[in-house]
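Student: Starting from the known structure of chain A, arrange chain B on it as the hints suggest.
Protein chains: 2
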Amino acid sequence: MIFSVIGTGAIGGFYGGMLAHAGQEVHFLLNSDYDWVKEQGLSITSAHLGSIHLPKVHAHSTTTDMPQSDVILVGLKSIQNEKLLPDLLPPLLKKDSVVILIQNGLGVEKDVADLFPDVSIVGGIARVSASKIGPGVIKHFDNGRLELGSYHLANVDNLEKIVSVFQTTGLPIVITPDLQLLRWRKLVWNIPFNGLSVILNTTTDQLVGNPETVQLSKEIMLEVIAGANACGSPLPESFADEMIAYTQRMRPYAPSMKLDFDQGRPLEIRYIYENPVLAARAAGYDMTRVDTLTKLLTFLERQRDLRIQP
Amino acid sequence: MIFSVIGTGAIGGFYGGMLAHAGQEVHFLLNSDYDWVKEQGLSITSAHLGSIHLPKVHAHSTTTDMPQSDVILVGLKSIQNEKLLPDLLPPLLKKDSVVILIQNGLGVEKDVADLFPDVSIVGGIARVSASKIGPGVIKHFDNGRLELGSYHLANVDNLEKIVSVFQTTGLPIVITPDLQLLRWRKLVWNIPFNGLSVILNTTTDQLVGNPETVQLSKEIMLEVIAGANACGSPLPESFADEMIAYTQRMRPYAPSMKLDFDQGRPLEIRYIYENPVLAARAAGYDMTRVDTLTKLLTFLERQRDLRIQP
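Protein chains in written order, with my numbering: chain A, 1 to 310; chain B, 1 to 310.
With the rest of the complex left out, here is chain A:
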């Protein structure tokens, strides 16, 4: 089974690296890190898993050099899909290729399916804390579970085969029958903590360590849960308390949108905020707090970009 990774950042580098370490054939598309990884290989440093160095990996600077692949892991930012996948994906596709979008937010699969109507698409949620800390170096902090849900599969057996190969990594992997529920569950965490960490220039420990923001985070979560239920994805209200308690146990953490904001990268507002607001509104529920965050974030991104570009 041939794997390709498009977007070798924290997520793509971690899962692709773990697969390569387990002996699988994995091809990495690299951008700024290409020269380094071609010469020095790829590393995953981890207190939990032990540290891994892969001195020789299949590094590529363009997908036209890469083989047609059985599994294509997409670790791009969701908002890059529409711009990049039309060029990057076709050279990798063969009959029965499965594209796994390991991305956040609602509606990513549909937008890729609109571009590639016949291709098998699976949504993935990475339960992992990891950062790329240098060229070809991924630092793994915690967890690692991968959750997959089918969006469109030409051959339903394919997903089971992928899972059994993935299990050679030793990382937990599960298939969920309800991709939308998986997406909404992750949004319950992502919507409050990504947005508030950008708007308030802070980290998760501060958000769940001060009374007004822990209450606001919970109210936002309850809105997302009500939105999910309106859209037919059943989530209990108690899930909000669970996520608050989970975040209070986590070490101080800067969510991905905070890192994107600080490093001048585009924010995933469309998939993490706009699409959920629109989906809930279409189902008759107005997520007013989430909509407020959406507009605050849109303004902050615009003002940041005006500062960056002279």
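It should be emphasised that the hints constitute simulated quantities derived from the structure, not laboratory data.
Any given hint might turn out to be false.
Copies of one chain are not kept apart here, so a pair can be met inside one copy or by any two copies together.
As the list claims (entries may be wrong) - Straight-line Cα separation of at most 25 angstroms, SDA-like style, residue types lysine to any residue; simulated pairs:
1) Lys83 x Phe116
2) Lys132 x Pro177
3) Lys218 x Gln303
4) Lys139 x Gly23
5) Lys218 x Arg304
6) Lys83 x Leu200
7) Lys218 x Arg302
8) Lys218 x Glu274
9) Lys218 x Ile308
10) Lys56 x Asn229
11) Lys110 x Thr45
12) Lys38 x Leu200
13) Lys139 x Glu39
14) Lys218 x Arg281
15) Lys218 x Asp286
16) Lys218 x Tyr285
Small disclaimer: the values here were computed from a predicted structure and weren't measured.
Tutor: Positioned in the frame of chain A, the structure of chain B alone reads:
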């Protein structure tokens, strides 16, 4: 008629100065500017009104030196009332003194009335753009109308008398029969623009010049209008569009809460945000966007104060 001004900032300095310029006896309580104003007097610079210099004013550093007064103009920040007025006010009070609270927000009169149950209290809204730009120097930009509404008056004729004396300044002054409506009307502007300018570190021109924030400002205004109506203060929805258009005609402006935030002063969150949210909620309406701003501002003020105090 003897006037006293407690809190000689932009508002107290402007109205007190205009009254003194019109020949009224006005006593100013000053803090850091005391020595300067005692020596140099008070100035109001204005393109509209012509500039005024008052070389000699009644400057005081404590109210125990000040005469009992017919009218006491309070230009403190609303949140300072409870701490400062119990000491500052008693020396100025005589039978039939009227205390005019020229302050923002909901519930200021009630809190002062709880401290001084027998004193006549009037609420005031200043329709003025003015800043204190140096010791004893107030820069006036625009407008100047004063709107008053009775909260508790021992002698109902007193307010008419005050108005006729005030008219010697040439500034417009009106008495409104509905103080609560006056307060809510001002909140329709104050709630979106004070909060958003702090949270987004920006000025009014940017807020009404970008699509996402002009829409958010309007949605917040509609929430405040719905809150006002729930509390029995009738305001039409069209007032939101009016306030947006008014703000789009204004020159770029940093609302008072933005100046307070940048200069390390306490924010008037309690009167501009918390009290209106509580009042609307008690009347059965949940202002979720306003409540979200409340919590964001509370967090930002706390984090700022942690940075300031080592």
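Student: Run every hint past the structure and note whether it holds.
Tutor: A quick look at each hint next to the structure:
1. Lys83 x Phe116: within (13 angstroms within a copy, 66 angstroms between copies)
2. Lys132 x Pro177: neither (31 angstroms within a copy, 64 angstroms between copies)
3. Lys218 x Gln303: Only across copies: Lys218 and Gln303 sit 20 angstroms apart there, 28 angstroms inside one copy, limit 25 angstroms.
4. Lys139 x Gly23: Answer is within: at 21 angstroms inside a copy they meet the 25 angstroms cutoff, but 74 angstroms across does not.
5. Lys218 x Arg304: between (28 angstroms within a copy, 23 angstroms between copies)
6. Lys83 x Leu200: neither (30 angstroms within a copy, 29 angstroms between copies)
7. Lys218 x Arg302: between (27 angstroms within a copy, 19 angstroms between copies)
8. Lys218 x Glu274: both (20 angstroms within a copy, 18 angstroms between copies)
9. Lys218 x Ile308: Classified as neither; 34 angstroms inside a copy, 29 angstroms across copies.
10. Lys56 x Asn229: neither (47 angstroms within a copy, 69 angstroms between copies)
11. Lys110 x Thr45: neither (35 angstroms within a copy, 61 angstroms between copies)
12. Lys38 x Leu200: Answer is neither; intra-copy 39 angstroms and inter-copy 43 angstroms both fail.
13. Lys139 x Glu39: Answer is within: at 19 angstroms inside a copy they meet the 25 angstroms cutoff, but 65 angstroms across does not.
14. Lys218 x Arg281: For Lys218 and Arg281, the Cα distance is within 25 angstroms both inside one copy (20 angstroms) and across copies (19 angstroms).
15. Lys218 x Asp286: both (17 angstroms within a copy, 16 angstroms between copies)
16. Lys218 x Tyr285: Both: 18 angstroms inside a copy, 20 angstroms across copies.
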